[in-house]
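Novice: So you can see what is in the structure, the chains are spelled out below.
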Amino acid sequence: MEKLKFERPVINHINAGVPDKFGMGTAIQPISHIDDISVEDLLNEYGSPLYVLSEKTIRETYREALSAFKTRYPKVQFAWSYKTNYLNAVCNIFHQEGSWAEVVSGFEFEKALANGVPGSKIIFNGPDKSNEDLERAIQHGSLIHIDHFDELYEIMAVAPKTGKKAKVAIRVNMDTGIYPHWDRFGFNYENGEAWTAINKIMPNPDMELIGLHTHIGTYIMTPNAYAVATSKLAALTVRIQMKYNHHLKYLDLGGGFASKNTLKGAYLPGSDTCPSFDDYAEAITGALINSDIQYEHMPTLFLETGRALIDEAGYLLGSVLANKRLLDGRRSLIIDIGVNNLFTSFWYEHHIVPARIKQRDTEDTTIYGPLCMNIDVIRQAIQFPVLEKGDRVVIKRIGAYNMTQWLQFITYRPNVVLIDAEGKTHIIRENETHESMNALDRIPQHLKEIQL
Amino acid sequence: MKLTIAVTGLNNTDNPGPGIPVIRGIRESEHIEARIIGLAYENLEPGVYMPNMIDKTYMIPYPSSGTEAYLERIEEIHQKDPIDLIIPNLDAELYTFMKAEPRLRELGIKTFLPTQEQFEERHKANLDAFGKKYDIKVPKSITLTSHGDIQKIKDHFDYPVLVKGKFYDAYIAYNSDQVANHFNKISAKWGLPIIIQEFIKGTEVNVVALGDGQGNTIAAVPMRKLFITDKGKAWSGITLNDEEMIRITNDLIERTKWRGGMELEMIKTNKNEYYMIEINPRIPAWVYLAVGAGQNIPEALVKLAIGEKVEPYTNYQIGKMFIRYSWDLLGDIQEFEQLSIFGEIEK
Amino acid sequence: MKIKKNIAVSENGFLFDPNSGESYSLNKTGQLIVKLISEGKTESEIIEVVKEKYEVETTSLQRYLDDFIMMLQQMNLLEKEED
Chain X
1 MEKLKFERPV INHINAGVPD KFGMGTAIQP ISHIDDISVE DLLNEYGSPL YVLSEKTIRE
61 TYREALSAFK TRYPKVQFAW SYKTNYLNAV CNIFHQEGSW AEVVSGFEFE KALANGVPGS
121 KIIFNGPDKS NEDLERAIQH GSLIHIDHFD ELYEIMAVAP KTGKKAKVAI RVNMDTGIYP
181 HWDRFGFNYE NGEAWTAINK IMPNPDMELI GLHTHIGTYI MTPNAYAVAT SKLAALTVRI
241 QMKYNHHLKY LDLGGGFASK NTLKGAYLPG SDTCPSFDDY AEAITGALIN SDIQYEHMPT
301 LFLETGRALI DEAGYLLGSV LANKRLLDGR RSLIIDIGVN NLFTSFWYEH HIVPARIKQR
361 DTEDTTIYGP LCMNIDVIRQ AIQFPVLEKG DRVVIKRIGA YNMTQWLQFI TYRPNVVLID
421 AEGKTHIIRE NETHESMNAL DRIPQHLKEI QL
Chain V
1001 MKLTIAVTGL NNTDNPGPGI PVIRGIRESE HIEARIIGLA YENLEPGVYM PNMIDKTYMI
1061 PYPSSGTEAY LERIEEIHQK DPIDLIIPNL DAELYTFMKA EPRLRELGIK TFLPTQEQFE
1121 ERHKANLDAF GKKYDIKVPK SITLTSHGDI QKIKDHFDYP VLVKGKFYDA YIAYNSDQVA
1181 NHFNKISAKW GLPIIIQEFI KGTEVNVVAL GDGQGNTIAA VPMRKLFITD KGKAWSGITL
1241 NDEEMIRITN DLIERTKWRG GMELEMIKTN KNEYYMIEIN PRIPAWVYLA VGAGQNIPEA
1301 LVKLAIGEKV EPYTNYQIGK MFIRYSWDLL GDIQEFEQLS IFGEIEK
Chain Z
2001 MKIKKNIAVS ENGFLFDPNS GESYSLNKTG QLIVKLISEG KTESEIIEVV KEKYEVETTS
2061 LQRYLDDFIM MLQQMNLLEK EED
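Chains as they are written, first to last, in this note's numbering: chain X, 1 to 452; chain V, 1001 to 1347; chain Z, 2001 to 2083.
Among the hints, a few may not be true.
[Claimed, not checked] Residues on chain X that point at chain V, a partial pick, calculated with CB under 7 Å:
(1) 14
(2) 179
(3) 267
(4) 269
(5) 272
[Unchecked claim] Cross-link-like lysine-lysine pairs, in silico, BS3-like; alpha carbons within 27 Å at most:
(6) V:1271 - V:1132
(7) V:1201 - V:1225
(8) Z:2028 - X:389
(9) X:260 - V:1124
(10) Z:2051 - X:5
(11) Z:2005 - Z:2028
(12) X:324 - Z:2035
(13) V:1166 - X:264
(14) X:243 - X:165
(15) Z:2028 - X:5
(16) Z:2080 - Z:2028
(17) V:1140 - V:1225
(18) X:3 - Z:2080
(19) V:1189 - V:1133
(20) X:389 - Z:2053
(21) V:1099 - X:260
(22) V:1132 - V:1189
(23) V:1099 - X:264
Because the hints were derived from the structure by calculation, they are not lab data. Quick caveat: nothing in here was measured; it's all calculated off a predicted structure. Using N, Cα and C, we set each Cβ at its ideal position, and we do this for glycine too.
Just need the whole structure built from these sequences, with the hints factored in.
Specialist: Below you can see the structure in the form of structure tokens.
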């Protein structure tokens, strides 16, 4: 007699009141391939864990976002938010698509220049711009978005030395009906601070006010907040037209669009509640078109969307290190992906699935990373199939922030691989090695010798 | 007319879902011969075990597992046991069903729900704007986004005030210390912002109503709760003769073109003013009172959903009462086993 | 190794423990193993029977069985062994 296919024995407690496997079991769909490349092959070739980015998804997402805005409003310019993911290959995909660069530090500014972005197509944001940074930005004709009065005075002092006019915008913060109100960045709209700043810039011969900027928050689920923000910036624009007969070239609505990740504590999954690019575009362009800005002087709409353009394109692949039972009988799974590789796990319930499933039974599981630290938890409680040592797991939607906020801790950071549109793989950042890690260390003479 | 109708909200506990009262209305209809499918989230929802209510129950995943998993299960059920109409009865499901309406329609499953716009604009946090837009008195409210904002209250209100959470919880506070206390408690549980609402003295009154989506009120029955449980749920209630409440309801439905069932919660002051405090976008659990008083709202909703013309109800019996009671239903473990292992049970 | 008395597994894989009032669900292999334990089979006999019927190696089966028996102990479904 032919033998039956074996499944490991499973016993599950039936909780009175709480649903069991029905409907839940089907929720786990393994991810065996990314853009037709097998997860197993990728890990065998490049090591585990491994970051993987899909160029196809990046370009498709970008084009979808651009078309959502362009079909509604003709003058649209995206600027790639470097802090979201500043691997050079990633930046250049966006630059090839036509994105300018949006940077928030001297370091990012240098990166953008080195990537070949003309200085005049760099937007310089953020509260931390040194004198040297400002001088260089003015020299390059970059767009400086002023965050506070101290910076405004600094530019007044620095600009004459350069012999050039500083191209500036101010960042405006405002009540858009959402919480929290980001009043720590920029000049407030409601209390007149923004108008005061404008009145200092306009008469100054060394500065040219060419736009207005706002960035109302992060992970904004209500598109209407953008409509409110747009209307308020438009009102300022009109006021400038009236008082100075000066026409702004652009309004920059910043970023903050949500991705499909699920925030901790949210009831419905992010994939259900995340507004579409069309929703955001409708809110913003609707408010712009209906504003009182003179028709022939309609400004270009700048967007600095980061997360929503890249999150979906990133995957983090890893392997199971061990299975363990916790004291209360709950299963725990230890994988080689730690929170140092997945910074966003502090606020997302990340979507994690096996690369393949041998049997459908799931158990209530805690998924831990490999660090010797109690905070290293990838998922606190998840119905997960029982995996074995060496089995592969895939974490979806990790393209935003993880490759910039990652922490080098205990071990080397892994390779980052890009799958191009033809399905070819390229390492776009090498894993760290003993040499690269030690390259910046310096040992004083008296500490060079040790004897044990 | 033979129909297969799927109903959720079978949690007939001391905080009851509207499923069973809705089914009772349908069962009492002379026009509808219904096969009732129960959709249960938990294997101990009492409605599943009650006699003569549900023909067959299926377990479904919570909406929190995502629209995909949720709809896959509904489709799976629909293939085995074709459904003509679904009546979702719980707040947490409505978003999912409204979003899924086109897909359900394609499958041949009808619903009769408010539009997303109607659903959004009546949210607790939007009540102020809603009142202005539709000319309805609402209690004045402000939102607090930080502890420091508590000082703002005295510029807007006289104490006492209501301190409310974003989703749930409401407490009365008589001074700023009590506000601070509730602020901490509520924000720890539901996060910010906290809503401070004018405390309107008066009697809470409610209306259950049904709009046809064209601006017509098909049914409306006003009621006052006579007794409330410690969970704030009606234990007993009585229908009222209150033309003003009916007028407010008709006006609201006409202006919003409300589609589907709804419950209006109002405070009637001793000066006979009505303040709207909440609008629930679904049939409430006490709907059977309306059925008993002569307006079979579940039946009318079914007819509207399948596209039949429904004459509006204009009368109801005044002074009709309901009193909830608890009843120990006996069952065998086999039923529990059947539901837990197979996720479905035939009654 | 002994299953507590009065514990029965239905053919659907539903296990009711009348001692505690708790209910459990088992998959097919789990069902078979509980049946073998209640028939008084030893661990090595269980491995023999399971191997007879299913395509599985002894080492991995041993590992799964250990884990499964630990679960049964955790759930208080086995009599305490007297050493």
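Novice: Now look at each hint and say whether the structure bears it out.
Specialist: Okay, the hints, checked on the actual structure:
{"no.": "1", "hint": "14", "verdict": "5 Å, holds"}
{"no.": "2", "hint": "179", "verdict": "5 Å, holds"}
{"no.": "3", "hint": "267", "verdict": "5 Å, holds"}
{"no.": "4", "hint": "269", "verdict": "4 Å, holds"}
{"no.": "5", "hint": "272", "verdict": "5 Å, holds"}
{"no.": "6", "hint": "V:1271 - V:1132", "verdict": "21 Å, holds"}
{"no.": "7", "hint": "V:1201 - V:1225", "verdict": "16 Å, holds"}
{"no.": "8", "hint": "Z:2028 - X:389", "verdict": "23 Å, holds"}
{"no.": "9", "hint": "X:260 - V:1124", "verdict": "25 Å, holds"}
{"no.": "10", "hint": "Z:2051 - X:5", "verdict": "11 Å, holds"}
{"no.": "11", "hint": "Z:2005 - Z:2028", "verdict": "21 Å, holds"}
{"no.": "12", "hint": "X:324 - Z:2035", "verdict": "26 Å, holds"}
{"no.": "13", "hint": "V:1166 - X:264", "verdict": "17 Å, holds"}
{"no.": "14", "hint": "X:243 - X:165", "verdict": "21 Å, holds"}
{"no.": "15", "hint": "Z:2028 - X:5", "verdict": "11 Å, holds"}
{"no.": "16", "hint": "Z:2080 - Z:2028", "verdict": "25 Å, holds"}
{"no.": "17", "hint": "V:1140 - V:1225", "verdict": "24 Å, holds"}
{"no.": "18", "hint": "X:3 - Z:2080", "verdict": "34 Å, violated"}
{"no.": "19", "hint": "V:1189 - V:1133", "verdict": "31 Å, violated"}
{"no.": "20", "hint": "X:389 - Z:2053", "verdict": "25 Å, holds"}
{"no.": "21", "hint": "V:1099 - X:260", "verdict": "16 Å, holds"}
{"no.": "22", "hint": "V:1132 - V:1189", "verdict": "30 Å, violated"}
{"no.": "23", "hint": "V:1099 - X:264", "verdict": "22 Å, holds"}
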